[in-house]
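Spelled out, the chains give:
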Amino acid sequence: MSGILLVLEQRDGHISRISWEALAAGQMLASQTGLPVSAIVVGAATESLAAAVAAKTAVRVIRVEHPLLAQYTADGFIQALHQLIQAEAPAYVVFPHSYQVRDYAPALAARCGSVLIGDVTGIGEGPFFTRQLMQGRLTGSYRPAGSGPCFLSVQAGAFRAGVAEAGAAEVTTFPPAIDPAQICATPSAPFRASQQTVDLGSAQMIVSVGRGIKGEENLPLVRELATALGAELAASRPICDNGWLPMERQVGSSGQTVAPKLYVAVGISGAIQHLVGMKGSQCIVAINKDPGAPIFEVADYGIVADLFEVLPALTEEVRKAKG
Amino acid sequence: MKIVVAIKQVPERDAQIRIDSAGKWIEESGLQFALNESDAYALEEALQLKEKHGGEVVVLSVGPERVGTTIREALAKGADRAIHVVCADIGARDALGVARLLAAAIQPEGPDLVLAGLQSEDLGQGQTGVIVAQLLGLPHATLILQVEKTETGLRVKRELEEGWYQTIELPIPAVLTIQSGGNKLRYATLMGIKRAKTKEVRTVTAAELAVAAAPVVVLERVALPQKQKTTQMLPGTAKEAAAALVEILKFEARVL
Chain A
1 MSGILLVLEQ
11 RDGHISRISW
21 EALAAGQMLA
31 SQTGLPVSAI
41 VVGAATESLA
51 AAVAAKTAVR
61 VIRVEHPLLA
71 QYTADGFIQA
81 LHQLIQAEAP
91 AYVVFPHSYQ
101 VRDYAPALAA
111 RCGSVLIGDV
121 TGIGEGPFFT
131 RQLMQGRLTG
141 SYRPAGSGPC
151 FLSVQAGAFR
161 AGVAEAGAAE
171 VTTFPPAIDP
181 AQICATPSAP
191 FRASQQTVDL
201 GSAQMIVSVG
211 RGIKGEENLP
221 LVRELATALG
231 AELAASRPIC
241 DNGWLPMERQ
251 VGSSGQTVAP
261 KLYVAVGISG
271 AIQHLVGMKG
281 SQCIVAINKD
291 PGAPIFEVAD
301 YGIVADLFEV
311 LPALTEEVRK
321 AKG
Chain B
1 MKIVVAIKQV
11 PERDAQIRID
21 SAGKWIEESG
31 LQFALNESDA
41 YALEEALQLK
51 EKHGGEVVVL
61 SVGPERVGTT
71 IREALAKGAD
81 RAIHVVCADI
91 GARDALGVAR
101 LLAAAIQPEG
111 PDLVLAGLQS
121 EDLGQGQTGV
131 IVAQLLGLPH
141 ATLILQVEKT
151 ETGLRVKREL
161 EEGWYQTIEL
171 PIPAVLTIQS
181 GGNKLRYATL
191 MGIKRAKTKE
201 VRTVTAAELA
211 VAAAPVVVLE
221 RVALPQKQKT
231 TQMLPGTAKE
241 AAAALVEILK
251 FEARVL
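Chains A and B, in that order, give the protein sequences. Here my numbering is used: the first residue of the first sequence is 1, the next is one more, and so on. Here my numbering is used: the first residue of the second sequence is 1, the next is one more, and so on.
Errors might be hidden in some of the hints.
What the hints assert, rightly or not - Simulated coverage check for chain B against chain A, where a stretch passes if three residues somewhere in it have a Cβ under 8 Å from a Cβ of chain A: (1) 68-79; (2) 87-98; (3) 140-152; (4) 160-171; (5) 198-211.
In case anyone wonders, no lab produced these hints; they're calculated from the structure. Glycine residues also receive a C-beta, built at the ideal position from the N, C-alpha and C atoms.
Isolated chain B (complex conformation) (with noise of 0.2 Å):
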């Protein structure tokens, strides 16, 4: 099975966020940026797949020169090559512009199954995957936690809400948005850090795939929330927070 993997680069999880001085997005300088969580276990589904199966798996991205880290993080953790759409004014293209790219780069590989996650950390639209579906004309399925390979195409399963899950039949070629914990993830061996740097990294930018860039919908500003609620937030240390907190439980909120 020939297997494309969309990963997206997005900042830690953990990273401090500020605004930007134009308020239109976060200040990138000084971040340090991370896979995707979904798209971790995206690329950990094809790489089972293809452990079962055979085949390859070729890992894509859209986005800036530092995007290169990590797609060669995917490709120690064991994608066989990569291709880089080279894109510095991603943040100015919408999920229709970025699906684009990635459907004309998908387009000439011919692949049998397209996995991408769930959603982003960074947007977190969960929409790239599906619009990359119908850019393709494929049927897909999204927030799966198992891909199974039958006779005639797929068997995935697929996360509902509330605790609920149904299993879809699909034909292949198809698309696939994968939802977080379906598997375990691996982490890249020494080895696989070695091989990765001798593996082939295919770059394209974006200009060269000449998709329409202009954007539908445009993210004007971005803010720090309104609070719904007002917090009363406890100070001192541990175990003076801890003391308040439990006098409050029991006095004020009376629910000790």
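Here chain A stands alone, though its shape is the one from the complex (with noise of 0.2 Å):
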């Protein structure tokens, strides 16, 4: 067993922001356990990926290059890797968790005789690793028990991704061999459904409806609100999900990111898929009637009531304050 394996991920060419956190959980575990980090770009041409995290930190970086690696398959992401780990044999191999990393991770766990402990939210001495449960109502501490590498994906935002540092870090490339036949799945270009009509990322406030609203007959409640602030309308998942209001309006990591300087979140519970799109917010406020909702986490101020009697009454009390 020798070290830590850090496997980055690229968006439009670039190592993604949430790749950076990884690697600050993959540095936090290597001043744990004393395991040297080797961070990993994957991909068709991988020689600016590679500079571009050799300029930024002094760990060793592995360049996983292969023609049929260009676009994102499952199959050739898992036969690569896994070659990697087999030569590497390391110890543990870090994932930023993105949609990506859930995509494969877990089948080329499965492939060591592993289990990927997915969405880590922090590393304890032991180490023993932290993530929701219940969707984030709970926290469970996990504790890697097998003999082969623990695999685990951090997620955005837990990890404060480090400042650069100085030094010159090897770069080493592996060469994987791929069987095509053996990648299944045909993938096309990404693209977005339909013309974005509504900019919640810009918006500077948002009152958002989850589903304690109950129905969409009860919507007019939550838009009158956003009315009399001058507030954009957007909702969690299981609202766009019910066809209540269009896809465009959702907030989280299927969604918009937002940061406004006001977040109303009215009837949302909280799981991290939608806070993850809005806890940037600079004020939070939550209308929940369960005190125990994990949006009360994130919340600056909280009230815990039945929305169907706060909603008219904030929508008053705004309407006399902005007379």
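Both chains are sitting in their own frames, so use the hints and assemble them into the complex.
This is the structure:
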């Protein structure tokens, strides 16, 4: 068992922000275990990515390079990284918890006889790894108990990306053997479903509604508050899943990421998929009848009450205040 | 098309959760359970594919006796038959351990398609379907919103981050994990509920499937989450709290 492999991810030719955070988690693990970290870049042409990593950190960089890795496929990535893991025999393999990682890392871990500890929010002495359970209502501590490498993916925003370190990082290339016959899926280029007509990202105020609103017929209550405030209306996933509001008004990992001055979460419990899309808001107000709802963990101000009583009262108070 | 849908029974979303005395999981006595949400979408997708192309929908679930009620619910919605892997110690198994049970139950069925929800609402690992694909040696795709049968296999719509999507062509047999929101969920009809009572539910014990059960990762302790911020709670009646909030937003937070 040699060290810690950190698999970085690229987005539009750059290392993604969450990958730098995963690197910080890898370095935290390194300082606890005394093991060296190697950063992995995967693709068909990884030279500039590797150079970007080497310029920012002193850790060793391994370029896993093959023409069949030009476009992401689970089959291609699993084959390539499985070979790298066999060659390196790492103690830990760390990923950013992205949609892409969720697509292949569990299978890669299984191929290595291991299990991914996914969406990790903290690393404790031991080490043990914490992640959320029950939609954020609880936190669980996980300990690896196997003999093989331990796989973990870290949640966006859970670790702070470190500052650039000086030093000359060694860059090596690992050419995997990839069997094209074993790449079954043919993915298309990404596309957006429809023209975006709402830019929640630049909104100054957002009133966002969740499952607590119960039915489409109750939406006017939220709309009135949004209008009184001069805020954009947004929603958590279930509201858009039900077709009560268009998908483009969805805030969260699958929708838009927002950081307004004021974010009012109405009847939103605060599953992590929602929180990652709004926790950077300047002032967060949560209105929910369940005092244990995880939305209160990120809220600056909270009202534990029936939203059907609070909304009309709040709309009226806002109208009065704004004259 | 023969479709196996892996479903999970989870605590109801609004259930009041208490940590058990050992601090290792939640107190299950008195809890209400329901079908995991994204699994409901997987079942819906399977039922719609069957309506379009014919075939059979088999639901499969691992868990203790109580899981039977959720299986009946899936049968009432229109699944043809079910397999219940009776496993009282599901909590002691990790994602690989549970996937091994599912894969062992799926293998003899030889389905054209295996569907699973994207992730469970209790553990939220989002791994089961992907590991099952690996164990069965089948191609997979995750976060799927639409499934279309083509001449050679499947064309699926996959959700990416931040409002992006992609289309993936896959051969069958394959495993897909289904994201919520792709379809409108159906309710069980009275006739469906009646019919479900006569549909086959085959039970097999985890021991009979003879797969490795020793976990590679162990959930050692559960706790209440630490707050990331200090939340100022506004007490009183709805009207008082609303008035206090507007005062604060105006003069303290200065966002109004």
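Hints versus structure:
no. : hint    : in the structure
1   : 68-79   : violated (count 0)
2   : 87-98   : holds (count 3)
3   : 140-152 : holds (count 4)
4   : 160-171 : holds (count 12)
5   : 198-211 : violated (count 0)
Going down the numbered hints, you'll see the structure goes against 1, 5, while the others check out.
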